[in-house]
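Visitor: Now for the letters of each chain:
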Amino acid sequence: MSAGWVVAIVLAIGAIAYFFSAQRARVQRDASDRSKEVPHSLPTYHGWLSFIFATVPALLVFLALSAVSSAILESRVRTEVSAHLSDTSAASLSIGIVHNVSSALNRLDLSGANVPTSYAALRDMAKSSGIVLADSGEDYMLPLAASVNADAAVHKLIGQGLTLLLSLAGAAFAYSRIRLRLRARNEVERVVLWSLLAASTVAILTTVGIVLSMLSETVHFFSEVNPLNFFFGTVWDPRFAAAGSGGTEGQFGLIPLLAGTLYIAFVSMLFAVPVGLMAAVYMGEYASSKVRSTVKPLLELLAGIPTIVYGIFAVVTLGPFFRDLSAALAGGFAFIQAQSVLTAGIVMGVMLIPVVSSLSDDVITAVPRAMRDGSLALGATRSETIRKVILPAALPGIVGALLLTASRAIGETMIVVLAAGVAARINFNPFEAMTTITVKIVNQLTGDLEFNSPQTLVAFALGLTLFALTLAMNVYALYIVRKYREQYE
Amino acid sequence: MTDAALPHAAVDTAAPAKRDFGLKRRHAAEFRFRLYGIVAIVIGLGFLAILLVSIVSKGYTAFVQTSITVPVEFSASIIDKDNERATNPRVLVSANYPIVARNAVAKALGVSIDDKAAMRDIAKFVSDGSRSTLREIVLADPSVIGTTRNVTLLAAADIDSANKGQIDLTVPQDKRKVSDQQVAWLDQLKQQGAISTPFNWGLLTFGASSRPETAGLGVALVGSLYMMAIVLLCALPIGVAASIYLEEFAKKNRFTDFIEVNINNLAAVPSIVYGLLGLAVFINFFGMPRSAPIVGGLVLTLMTLPTIIIATRAALRAVPPSIRSAALGIGASRMQMVFDHVLPLATPGILTGTIIGLARALGETAPLLLIGMVAFVADRPTSPLDPATALPVQIYMWANEAERAFVERTQGAVLVLLIFLALMNIAAILLRRRFERRW
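Taken in sequence, the protein lines are chains A and B.
Note that the first sequence covers residues 1 to 489 in our numbering.
Note that the second sequence covers residues 1 to 439 in our numbering.
Note that these hints are calculated values from the structure, not bench results.
Cβ coordinates follow ideal geometry from the N, Cα and C atoms, glycine included.
It is possible that some hints are incorrect.
To be verified - Listed next, with one range per pair, are the computed distances between beta-carbon atoms: (1) A:L205 x B:P142: 53 to 61 Å; (2) A:S75 x B:S322: 54 to 62 Å; (3) A:A169 x B:N284: 32 to 40 Å; (4) A:L395 x B:A427: 33 to 41 Å; (5) A:F431 x B:P321: 52 to 60 Å.
Unchecked claim - Below, in silico cross-link-like pairs of lysine to any residue (SDA-like), each with a Cα-Cα straight-line distance of 25 Å or less: (6) A:K290 x B:M288; (7) A:K296 x B:M288; (8) A:K127 x B:N425; (9) A:K296 x B:I50.
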């Protein structure tokens, strides 16, 4: 019986419990003498309470038992495999093979006496049924896998039996509790409230998951590569080692990647900030409502276009255009490369225009009307009012908005993957290619990878750096924006 | 009103009305400032227009595919030369269908099938995908063997490009993909009426392929569909529950503040970081399969959650307090007030926010690259646990292909993605128009 069936049966028991409990509560209510005793909850609440009793504890226990079972089996495989191995570094590979053998035995429906004695024999059997097994398995894995399968079956039986028993017991208990004065609604509402609270902690769990997962892999990485070489190294040359060969020491210098990231972000801001800010000012202060109601949604379309589309635009249209343009200008020699800081920066800038303009629009409209009117009444023109009164008053908020935009630019991936190139070097010619942190994360983690080498672990160190960088910028920006908003409220 | 050209000396002595306020200069500055604003908007809209025009003009041709309709002789001597299909049906699967297709085209062109050089050119004229077209016909009805039937075959990608006029025929023959002979054949077939350019359903149904003409978005569309379903099933209930808690029940304390700060920050975390999270937690820790839509869906769920929570909270806040007071006043509990009165009124706003969140998730690429969705998957997945790709990831993979015909497909795929996004956004707008209430 698969896990899906267990869940379905438990839910069915819950539904039956709901029906009978509600019915019982209804009967009790109809038979009661209102002058003596008033029912506390509606019958449906009694039904829901029984449903909760029948399903929630049973499913929680089912989950817990499955986790415990797989932990027990995992540790057993680990100890037995490492007893057979002298070199512990290959343990994870062997454990993986044992798991594959287990699932192959299950799928071939082999158990006990039917299990072949040699790995090669099993491999051939598996192959004829279309299951592919690794070459490097060994004979000791077969009895191990078979006994793991047997244990797993026993665990499964116990777990499923307990779950179903608990479900029935819960349903019976809740059914037996039904009384006129039972505060069923309050109990149901308490459970609902707790589940609402649990849902809102998902945000915390996600943050914790991000930090912990990246932190642990980063620590792993720093145990093989000196953190000083990572943070202050000026050469990026990870040298992909072939699987298992080991010993090839790459160089993981962050500086060229950080330089590229900041440079491209700077170019994009150089493009996006004036355009976005002026567009926001014009739409807020000058445009008629008719113009605003058509132009604003059109500009916001730019924000709704996926970044991959911008990347394709950069690589197919804008990059070659700049290259040909520069070739025409310089008489044949294309001084702007097809993949360059300029191309990536401008395309990213286009993407950021609506971000800048909507954020600064919020800030500008938050400036009190009185300041604007006062300035105009003193005889200032509208542009003078904007430049000398509104923008200075809105400055902290605008700085916050720009920080938020910059953090978007730093974390942007697809545009730079396609348009910026992969050459990790420090150069300040905007017409040549540079690379960024996000590009290298993608490069290190796509394709066939061996998970425990520094070449892949470095991606997590890069990710953590990126996360810390953007988090600091966001927190500071939100702080500025919030503080500024309070000033005028 | 003012005359800036007045001699300076006059200003000191003349009446105040003639003083130079610099109004001309100031009005010029005002004009320039307005101009900057207009220029900024024109730049923004100009890029939008260039972007869309460039995609549409390069991509629309991907929606038609050159096809060749010729009488195909299902010769028994090629398909089943030992006449054993009754005993060994696998013969029909592994038969040499490309030769059948090649011979059919050669016959239509009047080329002798013994002319080795010409036959090699013809082999490059018809897509290798004709293998599966013919195989399906034979497997569906083996009695077709030995007869002749009109079959529509896909042209090879280069011939397709030539037919669409994308290949510059003035370039010397050895420097382009299509020989003069093949162009002549193309014209000959056109005159016979054998060439047609029907709508390219293959673009939407085929799986991954190394040949552009048989590569399609089928797997990617199914993968994206699974992921959107997972995002909807996970993110919507969790997001709505979290918003209800924060908006209606949470007490103002440290813990609530902490949750709020977390949500705001998660909304601004770079999407690639979610990919790293998915790789480390779902794939390495929980041992879920790589390249599977379930992992992609969960990662996108976490990414979309802040968007949905923020939209839902705004929708809940927009329900006026009088509704709450009225519900409480007639004796509803707070839970009943929320679920029976506030939530139904906030539903249009919540759905609008959800659709916009889904649209963002549909276009998201970076996290999916890290969890192995960059995969060559030829068969459509039948469950969220099977390997698949996603629409934007497929675009990325095609963008990295060298062949010319893939450029067209890439832009075509971008168009498909944009059409889906447009439909979702239009749905959101209509929903808002239809159901939004102003209090």
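Visitor: All the hints need checking, so say for each whether the structure fits it.
Guide: Quick rundown of the hints versus the structure:
no., hint, in the structure
1, A:L205 x B:P142: 53 to 61 Å, "holds (58 Å)"
2, A:S75 x B:S322: 54 to 62 Å, "holds (60 Å)"
3, A:A169 x B:N284: 32 to 40 Å, "holds (37 Å)"
4, A:L395 x B:A427: 33 to 41 Å, "holds (40 Å)"
5, A:F431 x B:P321: 52 to 60 Å, "holds (59 Å)"
6, A:K290 x B:M288, "violated (52 Å)"
7, A:K296 x B:M288, "violated (43 Å)"
8, A:K127 x B:N425, "violated (49 Å)"
9, A:K296 x B:I50, "holds (18 Å)"
The structure does not agree with the numbered hints 6, 7 and 8 stated previously, though it agrees with the rest.
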